[in-house]
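All chains, please: the whole structure from these sequences, using the hints.
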Amino acid sequence: SAVISQKPSRDICQRGTSLTIQCQVDSQVTMMFWYRQQPGQSLTLIATANQGSEATYESGFVIDKFPISRPNLTFSTLTVSNLSPEDSSIYLCSLTRGETQYFGPGTRLLVL
Amino acid sequence: GNSVTQMEGPVTLSEEAFLTINCTYTATGYPSLFWYVQYPGEGLQLLLKATKADDKGSNKGFEATYRKETTSFHLEKGSVQVSDSAVYFCALSGDNQGGKLIFGQGTELSVKP
Chain A
3 SAVISQKPSR DICQRGTSLT IQCQVDSQVT MMFWYRQQPG QSLTLIATAN
53 QGSEATYESG FVIDKFPISR PNLTFSTLTV SNLSPEDSSI YLCSLTRGET
103 QYFGPGTRLL VL
Chain B
-15 GNSVTQMEGP VTLSEEAFLT INCTYTATGY PSLFWYVQYP GEGLQLLLKA
35 TKADDKGSNK GFEATYRKET TSFHLEKGSV QVSDSAVYFC ALSGDNQGGK
85 LIFGQGTELS VKP
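The listed protein sequences derive, respectively, from chains A and B. Add 2 to the 1-based position in the first sequence for the numbering used here, that's all there is to it. For the second sequence, position 113 matches number 97 in the numbering used here, and the numbering has no gaps at all.
Mixed in with the good hints there might be a few duds.
Said to hold, decoys possible - Cross-link-like lysine-lysine pairs, in silico, BS3-like; alpha carbons within 30 Å at most:
id	chain 1	residue 1	chain 2	residue 2
1	A	K9	B	K84
2	B	K44	B	K96
3	A	K67	A	K9
4	B	K61	B	K36
5	B	K96	B	K84
6	B	K84	A	K67
What the hints assert, rightly or not - Some chain A residues close to chain B (C-beta under 10 Å, calculated; not the full set):
id	residue
7	S3
8	T32
9	G42
10	G106
Stated by the list, open to error - Computed spacing ranges between beta-carbons, pair by pair:
id	chain 1	residue 1	chain 2	residue 2	range
11	B	G62	A	S11	31 to 41 Å
12	A	P69	B	S(-2)	46 to 56 Å
13	B	T54	A	D13	35 to 45 Å
14	A	E88	B	F2	34 to 44 Å
15	B	Y23	A	S90	17 to 27 Å
16	A	I65	B	E0	42 to 52 Å
17	A	Q53	B	N(-14)	19 to 29 Å
18	B	F2	A	N84	44 to 54 Å
19	A	V64	B	A1	39 to 49 Å
20	B	D38	A	S83	38 to 48 Å
Please keep in mind that the hints were generated in silico from the structure rather than gathered at the bench. Even glycine gets a Cβ: it sits at the ideal position worked out from N, Cα and C.
Printed below as a string of C-alpha cells:
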C-alpha cells in the first residue's frame, strides 16, 4: 500500500484566484499523477509529474492553467489558476507502486 | 485510444442480493484491469485487480475475471450488504503507460436493508 496525504482537504475560493494543492507521499516515487473528478463524474487524468522534468499534460489540460511542481521524490503541488466555477471538483494525487495505483484522499474545491 | 465503459447507475439492490456491474474495455496490447471503490465522503480505494487474461481478482467477497475474448471485467458479489453502498469505478492501465489509469464513468450502488 501507500500513504498519501493532501492539503488542503477542502477549500472555497473566489473566481479569479488560484489554489495550490500539496501532495506528500510516504516514500520516494518517480512518477506522480494528478486527477480531477468533477461533480458526479469519473476521474480524468490532468498530468503526470516526474521529478526533475516538466510535467506531461493530457489533452485538454495546459500548464498555464494547471502548473505542477515536483521538487523531490516525495512531494508535488498542483496549482489551479484563474479559478472559475467550472473548476469546482475533487483533485486527487496518486502514485504507482508495483502494478497498482494508490490515491490520496482528495482536495474538494468549490469556486464561487 | 484506450477506453472503459461501465453499466450506468444507480443500481439499487436489497441486502443479500446478487450484484453484477458490467465493465468492458477497448485497449491495444495487454492492459491491467482494476476495480476501485469510493465510499460516501471517502477517497478512492483499490478493490481488486487483474493483470493478465483469465486472472481473477477478488477482495471482500467481490470478484472479477479478466476476459480478453470479450474484453470484459465484470464485478460480481454473491450477497451484498448495506455497507457495500458506494460508487464503483472500473479502470485500465495500458501497456507502457507508466501506470496512468483510464476510468469508466462509475456506477453508484445503493443497498437497502
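Against the structure, the hints:
1. K9(A) <-> K84(B): The given pair, whose Cα atoms are some 22 Å apart, holds under the 30 Å limit.
2. K44(B) <-> K96(B): Holds - the C-alpha atoms of K96(B) and K44(B) are around 19 Å apart, at most 30 Å.
3. K67(A) <-> K9(A): 19 Å, holds
4. K61(B) <-> K36(B): Status holds; Cα separation ~21 Å.
5. K96(B) <-> K84(B): It is violated: about 35 Å lies between the C-alpha atoms, which goes past 30 Å.
6. K84(B) <-> K67(A): Holds, at roughly 21 Å.
7. S3: 9 Å, holds
8. T32: 9 Å, holds
9. G42: 9 Å, holds
10. G106: Holds. Min distance 7 Å.
11. G62(B) <-> S11(A): 31 to 41 Å: With Cβ atoms ~36 Å apart, the hint holds.
12. P69(A) <-> S(-2)(B): 46 to 56 Å: About 49 Å separates the Cβ atoms of P69(A) and S(-2)(B), which means 46 to 56 Å holds.
13. T54(B) <-> D13(A): 35 to 45 Å: 44 Å, holds
14. E88(A) <-> F2(B): 34 to 44 Å: Cβ of E88(A) to Cβ of F2(B): about 40 Å, so the range 34 to 44 Å holds.
15. Y23(B) <-> S90(A): 17 to 27 Å: 21 Å, holds
16. I65(A) <-> E0(B): 42 to 52 Å: Once the Cβ atoms are compared, 51 Å apart, the range 42 to 52 Å for E0(B) and I65(A) holds.
17. Q53(A) <-> N(-14)(B): 19 to 29 Å: 26 Å, holds
18. F2(B) <-> N84(A): 44 to 54 Å: Holds - the Cβ-Cβ distance for F2(B) and N84(A), about 49 Å, lies within 44 to 54 Å.
19. V64(A) <-> A1(B): 39 to 49 Å: 46 Å, holds
20. D38(B) <-> S83(A): 38 to 48 Å: 46 Å, holds
Hint violations for this structure: number 5 only, all remaining hints satisfied.
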